[in-house]
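On the provided structure of chain R, position chain A as indicated by the hints.
Residues per chain are reported as follows:
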Amino acid sequence: MNANGSTILLVEDNPDDVLLIRRAFQKAGIGNPIVALEHGDEALAYLDGRDRYGDRQRYPLPTLMLLDLKLPRRSGLEVLAWVRQHSGLKRLPIVVLSSSRNEVDINRAYDLGANSYLVKPVAFDDLLRLVRSLEGYWLMLNVKPDLTAA
Amino acid sequence: MRFDGLLLKDCGVRALWSGLSIQRKNSLLIGGLVLVVAATYSWAAYGGMRRAAVATASERVRSVTDQLAGLLQNNAKQLVTNTRTMAADTAIRALFKSPGTRTEERATAALQRIAAQTKQIAEVRLWDAHGRRLFNVVLNGPGAGELVDTAVVQAAAGPDSGTVGSFRAAGDSVLFPVAVPVVERGRLLGYLTEWRRVNSTPQARDQTNRLIGSKSTLYMGNMAGDVWTDLSRAVPRPPVDVREAHRLLRYERAGVGTMLVAASPVAGTPWAVVVEFPWDEVLAPARVFLRQLALIAPVLLLIGLLGAWLLSRGITAPLVRLTEAAEAIAAGDYSRHVALGRRDELGRLEEAFSTMALNVHEAQRRLEEKVRERTAELRDRNEELEAFGYTISHDLRAPLRAMFGFSHALLEDYGDRLDPKGREYAERIVTGAGAMDQLIQDLLAYSRVTRAELNLGRVDLSRVLREATTQLQAELRSRGARVRVDEPLPAVLGHEATLAQVVANLLSNGIKFVAPDRSPELRIRAEAREGRVRVWIEDNGIGIAAEHHERIFQVFERLHGAEAYPGTGIGLAIVRKSMERMGGLVGVESRSGEGSRFWIELSAAERANERERQYDSAG
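As given, the protein sequences belong to chains R and A, one line each in that order.
Each step along the first sequence adds one to the number in the working numbering, with nothing skipped, and position 133 is 133.
For any residue, its number in the working numbering is found by taking its place in the second sequence, counting from 1, and adding 1000.
Rather than coming from a laboratory, the hints here were simulated on the basis of the structure.
Some hints could be false.
The calculated lysine to any residue pairs, modelled on SDA-like cross-linking and capped at a C-alpha distance of 25 Å, are [stated by the list, open to error]: (1) R/70 to A/1436; (2) R/27 to A/1431; (3) R/70 to R/93; (4) R/27 to A/1403; (5) R/70 to A/1380.
Next up, chain R with everything else stripped away, as it sits in the complex:
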């Protein structure tokens, strides 16, 4: 099992949404550390351990990635594709958290190997419910894969 533990990687460019999601996690009483990244390139750098993310102790591999689709520089779908082709990362559970209900987006995300697709709710109560469900399923119930095994 990977020892990197419990970090949740949140790839989201909108600081409002980051703040609201962080609050929802906090309200739900989920203690996992959340690393928020602004765009796709940064997500890739983090996962790859490049540049300033070279220190895996400070920037451990996450246990779950929450990925927005509409991102600057490199879209969520591109990040998804990159991860799924990367041998040390390809089993990383990725939940797409988007505001798009567009069928093309949804199907493309699943085609590229998203584990789940959730639409960001407007009402905060709904967001809270969503975060609780995420914790219950992905952080507690879900049996995690070994990312590094061949």
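What follows is chain A alone, placed relative to chain R:
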């Protein structure tokens, strides 16, 4: 009935005629024309030929008859002269001067000498000056027998006269007398009558035939008409009055046919001559002409038909090619070119046709190009619109989430530090953001149902209803609504998800627009309507006044204030658009305060019909 039959037959002929190609029609018409012209010409020519033939024959018969009469007159004179010579024989005169056995023997011998050369002489009789018979001798028997000579003897009275008498029948033969006076030195001794038999020799007959023609027949007889002969034997009297002799006559001879006949009296004799000519012979040249025509006419007709056929083909073959090209163009093939290489009317037609085809092709090509351009343009616009929708859903909702989330956070985290007014404002922000979120969602749903590709298939209405009620479960429960479904529901032709949305919207409306003091009751039932299915969704709500029945299906149309019945005014617009996209209909029957009965109608799925039939036969 007969009239109808005739009419039908007429129609049939007309249909047959109009069904013929122009080439055949032309050929038939020209052939018919040639036939009529040939027939008319032939008939006229035949008539002319016939008249000419009759005139020629008449002329000939007339002249032959007259010639024969002249000939016979000369013959009669010659006979009289011959007989006079006979009478001048000394042996005859001796007998008159001294009748007796010796003189009789000598006269007989002399006469027999003459008769040996002239076989026609049947008998010779001698008479004294008073008309008493002195002597007779039969020379080439049988003789004249009982035939009486008195009239002819009287006719011959006088010293220089001599005459021929009427024909007399004696058995098969016909005889006639020649009477001359016997004179010596101006003194009348008596008379001599010679009976001659009409019995022409083959040579004589040949001669006559040469004169009158082999087909003609010559008759001789008395002007009085009692005795007639064909120059070999007695024959019945020809049915012609010889006193009318100068006119040409036609009559039927039994067993022979129609004859053309002319008669002529023989001058100086009591005789008449009649020449008969068969009418068939008269007309023979005309008939020959007609036969030749009958042979030529089919050839003419054939040439006419062939000519007409070729001529028609010269016109119709280019027409056929033009027609084929036009048909090809009608079928969308513009590659067919017609080059007739003619400079006449058809050539001009071809030129005009080619120009037209070119123009049509060009116009069509341009049109297609334009359609392609427009389609691409439209596609671009659609894509823009989709991108716009995407932007709305993504970008517009992000600030909305912020508004909603932070006003919520404000209330939750700092609510105790706000006065009631401050809290109300924050609550209004939450409500407004929520309403706007709903609006955006509904608009996106409306635009989706407008543009999405809907593949119609068999949809089970019961399943649709289960799906819709599941979607609305929370709402139904909170309002304490009761939904009654009259099962079984048939299957229809539609798109399941869209239909579920439609039913959910209608059910949601039924729950929402109910007076506050009542709990909603919904009833769903279906009825079959000639290959279609109508589903009724009936509620016990506040109802809709008739004047609003059309308006409520339009986008953003609302009948109530947001306080009493909140909503975006898009739900029914989505319903109508969805039904349109599925080839269906939607409508409402309602009156204010009496509940509403919404209905949707779609084509029945075929299998549903089969199942119904099975139910029917089982029941």
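We went through each hint and held it up to the structure:
1. R/70 to A/1436: The given pair, whose Cα atoms are some 22 Å apart, holds under the 25 Å limit.
2. R/27 to A/1431: Holds. Residue 27 of chain R to residue 1431 of chain A sits at ~22 Å (cutoff 25 Å).
3. R/70 to R/93: Between residue 70 of chain R and residue 93 of chain R the Cα gap is close to 19 Å, so the pair holds against 25 Å.
4. R/27 to A/1403: holds, 18 Å
5. R/70 to A/1380: Holds - the C-alpha atoms of residue 1380 of chain A and residue 70 of chain R are around 22 Å apart, at most 25 Å.
Consistency with the previously given hints is maintained throughout, with no hint failing.
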